[in-house]
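Chains A and B, in that order, give the protein sequences.
Throughout the first sequence, residue numbering follows the numbering used here, covering 767 to 1156 in sequence.
Throughout the second sequence, residue numbering follows the numbering used here, covering 767 to 1156 in sequence.
Just so you know, these hints were derived from the structure itself, not from any lab.
Here the structure is a predicted model, which is why all the values come from computation and not from measurement.
Be a bit skeptical, because a hint or two may be false.
Identical copies carry no separate label here, and so any pair may be met within one copy or between two of them.
As the list claims (entries may be wrong) - DSS-like mimics (lysine-lysine), calculated; alpha carbons at most 27 Å apart, straight line:
| hint | residue 1 | residue 2 |
| --- | --- | --- |
| 1 | Lys1096 | Lys1076 |
| 2 | Lys1064 | Lys1076 |
| 3 | Lys1064 | Lys833 |
| 4 | Lys1031 | Lys1064 |
| 5 | Lys885 | Lys833 |
| 6 | Lys1031 | Lys1076 |
| 7 | Lys1076 | Lys810 |
| 8 | Lys1064 | Lys1123 |
| 9 | Lys1064 | Lys1015 |
| 10 | Lys1136 | Lys1064 |
| 11 | Lys816 | Lys952 |
| 12 | Lys1005 | Lys1064 |
| 13 | Lys1019 | Lys854 |
| 14 | Lys1076 | Lys854 |
| 15 | Lys1022 | Lys854 |
| 16 | Lys952 | Lys1096 |
| 17 | Lys1015 | Lys854 |
| 18 | Lys1076 | Lys1119 |
| 19 | Lys1015 | Lys810 |
| 20 | Lys1031 | Lys854 |
2 protein chains.
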Amino acid sequence: MMSVRSVTAVVQRAITRLHVNGQSSCRRFYSAESKAIVFETNGKPLDVLKLHTFALPDLSDDTILVKFLASPINPADINQVEGVYPLKPPFQTSALSSEIPIALGGNEGVVEILEVGKKVLNFKPGDRAIMRHTVFGTWRTKAIATIDDLTKIPYPVSEISALQAATASVNPTTAYNMLREFVELKPGDWFIQTGANSGVGRAAIQLGRLWGLKSINVVRSRDNIEELRADLSSLGATKVVTDSELADKGFRKVIKDWTGSSPIKLGLNCTGGDSTTNIARQLAEGGHLITYGGMARKPVTIPVSLFIFKDIHCHGYWLSRWSDANPEAKETIVNEIFDLIRTGELKDVPVDKWVWKQNMTDAELLDTFKAGVAAYINGAQGRKQILVQE
Amino acid sequence: MMSVRSVTAVVQRAITRLHVNGQSSCRRFYSAESKAIVFETNGKPLDVLKLHTFALPDLSDDTILVKFLASPINPADINQVEGVYPLKPPFQTSALSSEIPIALGGNEGVVEILEVGKKVLNFKPGDRAIMRHTVFGTWRTKAIATIDDLTKIPYPVSEISALQAATASVNPTTAYNMLREFVELKPGDWFIQTGANSGVGRAAIQLGRLWGLKSINVVRSRDNIEELRADLSSLGATKVVTDSELADKGFRKVIKDWTGSSPIKLGLNCTGGDSTTNIARQLAEGGHLITYGGMARKPVTIPVSLFIFKDIHCHGYWLSRWSDANPEAKETIVNEIFDLIRTGELKDVPVDKWVWKQNMTDAELLDTFKAGVAAYINGAQGRKQILVQE
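Take the sequences, apply the hints, and build the full model.
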């Protein structure tokens, strides 16, 4: 529910704007208020997330009014709400028309440009863009952004949908860099990964296929495993194995039969726990294991002998660190990924949409979003949960 | 006990030698048989180790007859006996005058040259040397070696004792390389290590002191902890902490007070288990953790967040791999270490001597050696166990 104070603030700002700026009818068409998913304290998302309505700042000569079309619910977002993620969104009051400090949720998202300031030349209404940085707050209806906040999507909606664009910047870019930064893999070389059904995992399979790499893809045992094997194989997975198959000591021979004399030089890990230990065991001498997630909520455990006698190296990968240090390189890779999506080389991630409709009450907006969070928490069989605004 | 067959073989070889080669009285002075600690099968050292007597091959123009003066009992030696070490000594029959295939134990050792072949110019009787390669079999009285097997000790016994030389090539070289190969440490920089009371740990403390590095040294809690703190401090340890002190969450602040704004870029690990996890937590962003041993017989367990958000890198270090690839570099470093020992910069490791005397029976020789192995297994409070031959 929107508080009386918030309503008052919105009305007051609207009045001020009309009186001082003399708004055009065009600008008034888009209500300059935002409805956003926020949190006052860190905690379990279903407990602490709230809907908050606040007045956006006036459009200035070099700012841009945007509408969010699609915003994923990513692990990093959830960890931010829980307070266990190093990049923390600021808790704000006046900027969000709130007496109590609150923080905006969401990092990845696709926007449509509604209106631009006089000095903004690179964007025009109708253009679409993705967020250039993290911690912008993407679980909301609208925002005022700057040029620096946005990366334009260079293709029309007929070639790349908002849903496709919404998941283009984080997962495929992570897979792209991990496959290239640590080990030089040549066509015919193998890599192995846990959580192969994740967004990053699926992107790694497909980029691997495009680059001539072979992949061993570990997924959790499940009822519809043959369906998943077929699904990942259709993306280009060379082999799909369950964590329990991998845990069997005899399975090493099976993998040896697959790879022959070709060493497995790279492992990608987003789980932790036994599966991670087991893919490390499959690495060749001098191999590298890259951890980019911990979905099993267990640490990475490596036998001492793998370090000493097999010369295994373990690293981590955090896209945000790289993105902040290399914004131009990121833009280049994201554009390459857009092109792969457009041409159908990189297939859509399976998604569940949670739709915010124009006529929904605040309670309905919040309930819709929380249903998406609940689906995320329950695992959703590797499907990406995305907030969509009609 | 020497078997009848073995005795026969020794006698037969001795006769052959006298008849065919016409040996000098000088050569006959040194009995060309060797008593060695061997094993027929892998297993617990106290169960499987045996004393075996065999005839050495005749001295040829380019071989060298050597007597072992001092041979340590190192973790790698024990692991070889157990069969869990990747470098395995060969199981041999005729070369060791044995009908059953047997393997020689021991890798590190100091020898005195007794006699050299005509074409051997670099060594003369009375010279001392250490083993240049692993898997030579150093737990024995004598051997026939080649020039390639030996690195001469360039100082007389008055400057470097056999006991000092016996531990010069493995532990200090390991510490030397780990402090230099992974991170560029400058004077004033900190490193942290588990098992600081080990041979490598003590060498790292002292080399660190020589190079202007500061060290946080983790040891197991024990009764005489203040004695050990004083001992390691006298070597140059900046700080000595117990594993239980380190495990206390509040201890992070203590370490922060010590190091100030100086990042801990390097961790050295020879234990595994909790201590290893806890030193990894103290590393600065981008830090490196090097595992060279697993004395706690537990794996290396690292929280996922340390990889992703702190960009920690984990590697292993195995001196044998490096030595085999870089024999010249190793000789240079070992000579530098000999020089540090000679000048007193690198202090002796505390040792327990297990002495083989000339008049001992085979049973006494074996019992003496096994007593050393038992002391090793019991931990010996960080003291090195060394077989010495009078």
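Could you place lysine 1064 and lysine 1076 in one of the four classes (within, between, both, neither) given a Cα distance threshold of 27 Å? both (23 Å within a copy, 17 Å between copies)
As a check of your reading, is lysine 952 near lysine 1096 (CA-CA no more than 27 Å) within one copy, between copies, both or neither? within (23 Å within a copy, 34 Å between copies)
Checking lysine 1005 and lysine 1064: alpha-carbon separation at most 27 Å within a copy, between copies, both or neither? Within one copy only: 25 Å inside, 32 Å across.
Within, between, both or neither: lysine 1031, lysine 854 at alpha-carbon 27 Å: between (35 Å within a copy, 25 Å between copies)
Pop the pair lysine 1096 and lysine 1076 into one bin, within, between, both or neither, using alpha-carbon distances up to 27 Å. between (34 Å within a copy, 21 Å between copies)
Treating 27 Å as the Cα threshold, decide for lysine 1136 and lysine 1064: within, between, both or neither. within (26 Å within a copy, 42 Å between copies)
27 Å Cα cut-off: does lysine 1015 pair with lysine 810 within a copy, between copies, both or neither? between (38 Å within a copy, 24 Å between copies)
Give the relationship of lysine 1076 and lysine 810 under a CA distance limit of 27 Å: within one copy only, between copies only, both, or neither. For lysine 1076 and lysine 810, the Cα distance is within 27 Å only across copies (24 Å; inside one copy 41 Å).
Since the copies are identical, ignore which copy is meant and state whether lysine 1064 and lysine 1123 lie within 27 Å (CA to CA) inside a copy, between copies, both or neither. neither (39 Å within a copy, 55 Å between copies)
As a check of your reading, is lysine 1022 near lysine 854 (CA-CA no more than 27 Å) within one copy, between copies, both or neither? between (44 Å within a copy, 23 Å between copies)
Regarding lysine 1076 and lysine 854, is the shortest C-alpha distance of 27 Å or less found within a copy, between copies, in both, or in neither? between (38 Å within a copy, 15 Å between copies)
Give the relationship of lysine 1076 and lysine 1119 under a CA distance limit of 27 Å: within one copy only, between copies only, both, or neither. Result: close neither inside a copy nor across copies, 45 Å intra and 34 Å inter.
Comparing the model with each earlier hint shows violations of hints 3, 8, 11 and 18; every other hint is respected.
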